[in-house]
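*Asks:* Construct all of the structure, not just a fragment, from the sequences and the given hints.
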Amino acid sequence: VYGQMPALAANHGGAQVLIASVAFAFQIYGDFAGYSTIAMGAARLMGIRLTLNFDTPEFSQNPAELWRRWHSTLNRWLRDYVYIPLGGSKLGPFAKYFNLFMVFLLTGLWHGANWTFVLWGAWMGAWIIGHQLLLPYLPKLPENTSKSIVIPVRALKMIGVYGCFGLSATLFRAYDIEHSYLLWRSMLDFPWNLSDSIMNVPAAGPFFIEFLQKIVILLLIDF
Numbered sequence: 001v002y003g004q005m006p007a008l009a010a011n012h013g014g015a016q017v018l019i020a021s022v023a024f025a026f027q028i029y030g031d032f033a034g035y036s037t038i039a040m041g042a043a044r045l046m047g048i049r050l051t052l053n054f055d056t057p058e059f060s061q062n063p064a065e066l067w068r069r070w071h072s073t074l075n076r077w078l079r080d081y082v083y084i085p086l087g088g089s090k091l092g093p094f095a096k097y098f099n100l101f102m103v104f105l106l107t108g109l110w111h112g113a114n115w116t117f118v119l120w121g122a123w124m125g126a127w128i129i130g131h132q133l134l135l136p137y138l139p140k141l142p143e144n145t146s147k148s149i150v151i152p153v154r155a156l157k158m159i160g161v162y163g164c165f166g167l168s169a170t171l172f173r174a175y176d177i178e179h180s181y182l183l184w185r186s187m188l189d190f191p192w193n194l195s196d197s198i199m200n201v202p203a204a205g206p207f208f209i210e211f212l213q214k215i216v217i218l219l220l221i222d223f
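By this note's numbering, the letter at position 159 of the sequence shown is numbered 159, and the numbering carries on one by one without gaps.
It should be emphasised that the hints constitute simulated quantities derived from the structure, not laboratory data.
Ideal Cβ placement from N, Cα and C applies to all residues, glycine included.
Hints may be right or wrong, so weigh each one.
Claimed, not checked - Quick list of in silico lysine to aspartate or glutamate cross-link-like pairs, EDC-like style, CA-CA up to 20 Å:
1. K214 to D31
2. K96 to D80
3. K96 to E65
4. K140 to E65
To be verified - Derived DEER-like restraints, expressed as beta-carbon distance ranges:
5. L45 to L91: 43 to 53 Å
6. P142 to L45: 40 to 50 Å
7. F94 to V216: 39 to 49 Å
8. E143 to G92: 24 to 34 Å
9. I217 to V82: 31 to 41 Å
10. L188 to G41: 38 to 48 Å
*Replies:* Next comes the structure, spelled out in structure tokens:
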């Protein structure tokens, strides 16, 4: 879906784009976490201990936790050299959220000089801020809640958080704003026409099975 020419983006169904977006979130996690783990291993051979950079973000319960687990060294650098110098949370709630938003805009620019990355950073900033504003009003499970309820609720939270993060991949991976717009237009074109996706199953089957195998292995290793 993402590797083809942007002009073909409008030909993809909403279900295809949605699945590709979430799949790309796992792909980029594998890329980023993979090379940082290799760097940790190479450094360990020389007696140097590097900081763990990606700490199983796919198991996060909320966006703030996800960003504590995702690219933690970059986040700490931005906290120390951008967020705190801007005033952090000491100047009131408005300044706090403004500073957070600026940090995530810079996070987007750090990944590339493209408007798609700027919008992706804005998405992440708005997501974090929105969650913090809504947190006092979100229902919480009592401490004595049965595990038969706690485990499914946590699983749904993880799916929702990483799913939302995966949706942002349409901005992170798109070639430009127009490409991202076409992908989003396909996703929001309800009702989805699943006939094309069903017809493509025989051709996409081997890739889908390989993807599932890799995701299951990744989740088992991280768990």
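*Asks:* It remains to establish, for every hint, whether it holds in the given structure.
*Replies:* Structure-based check of each hint:
no.: 1; hint: K214 to D31; in the structure: 13 Å, holds
no.: 2; hint: K96 to D80; in the structure: 14 Å, holds
no.: 3; hint: K96 to E65; in the structure: 18 Å, holds
no.: 4; hint: K140 to E65; in the structure: 16 Å, holds
no.: 5; hint: L45 to L91: 43 to 53 Å; in the structure: 46 Å, holds
no.: 6; hint: P142 to L45: 40 to 50 Å; in the structure: 49 Å, holds
no.: 7; hint: F94 to V216: 39 to 49 Å; in the structure: 44 Å, holds
no.: 8; hint: E143 to G92: 24 to 34 Å; in the structure: 32 Å, holds
no.: 9; hint: I217 to V82: 31 to 41 Å; in the structure: 37 Å, holds
no.: 10; hint: L188 to G41: 38 to 48 Å; in the structure: 43 Å, holds
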